[in-house]
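A.B. asks: Chain order of the listed sequences is A and B. Position one of the first sequence corresponds to residue 1 (the numbering used here), numbered consecutively onward. Position one of the second sequence corresponds to residue 1 (the numbering used here), numbered consecutively onward.
Treat the hints loosely; a few may be bogus.
[Claimed, not checked] With the C-beta cut set under 7 Å, the calculated list includes, among others, these residues of chain A facing chain B:
1. Gly32
2. Arg50
3. Arg52
4. Arg54
5. Cys80
6. Phe83
7. Thr109
8. Gln251
9. Val252
10. Gly253
11. Ala254
12. Pro288
13. Ser289
14. Leu292
15. Asn303
16. Ser304
These aren't lab readings, by the way, just hints derived from the structure by calculation. The structure presented is a predicted model; accordingly, all values stated were derived computationally and were not measured. Glycine included, C-beta positions come from ideal geometry on N, C-alpha and C.
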Amino acid sequence: MTETIVSRQTGEKCLHVTHKTGLEIYIMEMEGYRSSFALFGTKYGSINTRFRLRGEEDYAEVPEGIAHYLEHKLFENEDCDAFAKYARTGASANAYTSFDRTAYLFGCTENFNASLEILLDFVQDPYFTEENVEKERGIIDQEIRMNDDEPGWQVFFNMLKAMYHVHPVRIDIAGSTDSIQEITPELLYRCYNTFYNLHNMVLSVAGNVKADEVLAICDRLLKPCEDMGLEEYFPEEPDTVVQPYVEANMQVGAPLFNLGFKLRPMEGKELLRAELMSSILLEAILGPSTKLYNNMLEEGLINSEFDADSPFAGSGYFCLTCGGESQQPEVVRDRIIAELRRVQAEGFDPEVFERIKRVHYGNMIRGLSNVETNASNMLNAFMSKVGPFDCIDILAEITYEDAIRFLREALDTDKAVLSVVRSQEV
Amino acid sequence: MEINTASFGEQMELVTITEPKFKTVSLMCMLLFPVIPERNAAYALAASLLTNSCRKYPDYAAMTVKLDTMYGASLTSSMSINGNAMQIVLNGSTIASRYALAGEDLSSDLTQLMCDCILDPNARDGAFNETAFRIEHKDLLDAIQTEINDKRTYALVRARRIAYEGESVAYPVHGTKEDVEKLTKENVYEAYKEILRRAVYRFYYVGPDTPVGLAEQFRTAFKDVERCPEPLQFFVPSPIKETPAEVTEPMDVTQSKLVMVFKVKERNMEAFRLFSALFGGTPFSLLFTNVREKESLCYYCASHIIAGKLSLVVESGVELANAERTKEAVLEQLAALQRGELSDELLENARLAMIDSLRSYGDTPIFCIRAQLEKFYTGDPADIEERIQRYLALTKEQIVEVANALKLDTVYLMQQGGAAE
């Protein structure tokens, strides 16, 4: 199936192809640009630890951090590693694993087609041996230790652990120094064969590219595969938080905090709409233009590091978060909760809503100028089960009344978690 | 892409870059002047006060509302040291007017806002506004205090301070806690006036079209500013220590950080950059393939250069037991290059990566500005294509020369498992 998708708001367009192998392909040709960017991604991240294929009775359970381990190892083929191949084309390559996805990517200005061939080739050609899997363990162990020393990382994950009882979003993306000891070539192949099925994957390309050339390369290199009927298992997550407060000690110059609110999980367009409303609401209630923010700033309760983040959501999890630095994070939490409750009861100025909606529109326009952002946005849309331009189209439709209703119905301020990292008192 | 340069006063230049494909407008204002280390804190606080409010938008809330109405425009300030020059950068960006829903002239708005911030700050009677000052003062103290939070950056900062000890660049760019504590709303206002007087002004505008008369607009706005710009030096090689300084600092961390600083005396920037790319700047470099991949010593072992100080920095996060071996491995790779052991393939691949990166410069506003800045810093008018030709002309011998010119100056180790002082 081939279709051209056009944004109703900006006129931007891209080509969407469902390839005969099952792979979804998005291509945005960007006139006047010299560079190109490609991502080849799978719906497989740190939360996908239990699964089965059609015909299998039991769910397999694999060690924490295996999706990330697999990402590291996939760069190594039997003949040489992918970086060595990219080196010959001049492309700048990388990969990332998050909670619910893994993506392999490159950017370049020359030799795009050759680099695309490398990308499609190595991601479809795993090579795991006892020796090369063992070799990677030390490298990943150091990556985990590096994150252990990052207070920003720790304060966030501690919040997730205090919020989610059983959902695997509470697991660190790279796993732990213990869990990675259990990873073997056999397990890596098992996960690879389950999640790196083209029916579970997407290719997203933007910039100085020609759609017909991209598709010709796909026709040549994509390996036909059968949809194996992947089923994932997520344990039923209680509607409550585990504990409302969690604290850890690390060497930091000032205490860091993260405040999160657990919401009912959603997906697809419902989630996208909820995420957009949440972003606007957080900005309208906690952002730098508000009385609350400025009062807290003037009283020295927060500094300019305070930020209401984008909503954090995926399969089976959805929370609103904000955070920063404060000597009195508990006081900040109480002020924020009081303000959220006040706005739930009284509402806020609809003009503020329209102003912040305009900010989001501006941010989306900015992204359209950027090759990498366009390619990433198309991949992210696929992962979220929405269309590439749904975000800007849905934004245009959201009203103040929608947002305030969402705030009243979806946000329960009793389901809050405050995570704090501070230096140990001596 | 069309590039034009116009002067709008003494040592005041505007570079306009017109690129129809962009959907955004960017305006960068750089104020450059020789570093006076003990004044860093005052300049830093003055710079942050300029972008968070001004007379017309007298607090954070009012400024945010203004930026919001400009479709989420951004306006930030930052400070860094390059050679002997302090650089204060005010960066503004918004969407191009053709995307404005009500037909607003956003590039004019951005230009006016930038002028208001620089020339009409939130101050009266020789002092910044008390509340604005208090907020930014606390913010700066917090920023200095929390420097320790990001261990990788902190290790780099510590290594730089040791490598450049006694030089102005070694002094904390935002000053020390004690410096900040001495600041008042009056003496920071004095610092602000000094910046206007001492600085060389470099303004860069990038957008799909350039407003007519932009340079004139700046000329009119800045005509009454008292001026006494001072000469700048962007390449100030650092003296090389006869014996490398080796400093170990225990800290309560789970991973040690190793930073090695090498210096050279002569500059051939293209050769130096190409050297760094193949030595530790790419995922196919010698450090990545040998220290990380073959020996599995670390997650990262990478190099970058500090152009203004003719220095090459190697950094790695390692287990303490492997720190010494990592250092040896880095030196072994350097020694091999010094002996001329450099494959044609590695050289060509690094060259290709550098050229590919340069060719992408025209696709993002910030890199369009960076290409112009490079000309300003070096005094070399070469455009991107000429610079690419220079990379193409570099020989293996020139890379080996760089390797042999590099001298180890500083080894800093943040040692895990210890208690910080």
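A.B. asks: Less than 7 Å between beta-carbons is the criterion; does A/Cys80 satisfy it with respect to chain B?
C.D. replies: 10 Å, violated
A.B. asks: Restraint: A/Thr109 near chain B, CB-CB cut 7 Å. Satisfied or not?
C.D. replies: 4 Å, holds
A.B. asks: Can A/Arg52 be said to touch chain B, with a Cβ gap under 7 Å?
C.D. replies: 33 Å, violated
A.B. asks: For the hint on A/Arg50, just tell me whether its beta-carbon gets within less than 7 Å of chain B.
C.D. replies: Hint on A/Arg50: violated, closest Cβ of chain B at ~28 Å, above 7 Å.
A.B. asks: Would the hint on A/Val252 stand, with a C-beta cut-off of 7 Å toward chain B?
C.D. replies: 5 Å, holds
A.B. asks: Would you check whether A/Arg54 satisfies its interface hint, that is, whether its CB is within less than 7 Å of any CB in chain B?
C.D. replies: Status violated, d = 38 Å.
A.B. asks: Quick check on the hint: A/Ser304 CB to chain B CB, less than 7 Å?
C.D. replies: 5 Å, holds
A.B. asks: Go through the hint on A/Ser289 and say holds or violated, using the shortest Cβ distance to chain B against 7 Å.
C.D. replies: 4 Å, holds
A.B. asks: Does A/Gln251 pass the interface hint, meaning its C-beta sits closer than 7 Å to a C-beta of chain B?
C.D. replies: 5 Å, holds
A.B. asks: When the nearest CB of chain B is found for A/Gly253, is that gap smaller than 7 Å?
C.D. replies: Since the shortest Cβ distance to chain B is 4 Å, the answer is holds.
A.B. asks: Taking 7 Å as the limit, does the beta-carbon of A/Phe83 come near enough to a beta-carbon in chain B?
C.D. replies: At 4 Å from the nearest chain B Cβ, A/Phe83 passes the 7 Å test, so the hint holds.
A.B. asks: Double-check A/Gly32 for me: the hint is only fine if its C-beta lies closer than 7 Å to a C-beta in chain B.
C.D. replies: 4 Å, holds
Hint violations for this structure: numbers 2, 3, 4, 5, 14, all remaining hints satisfied.
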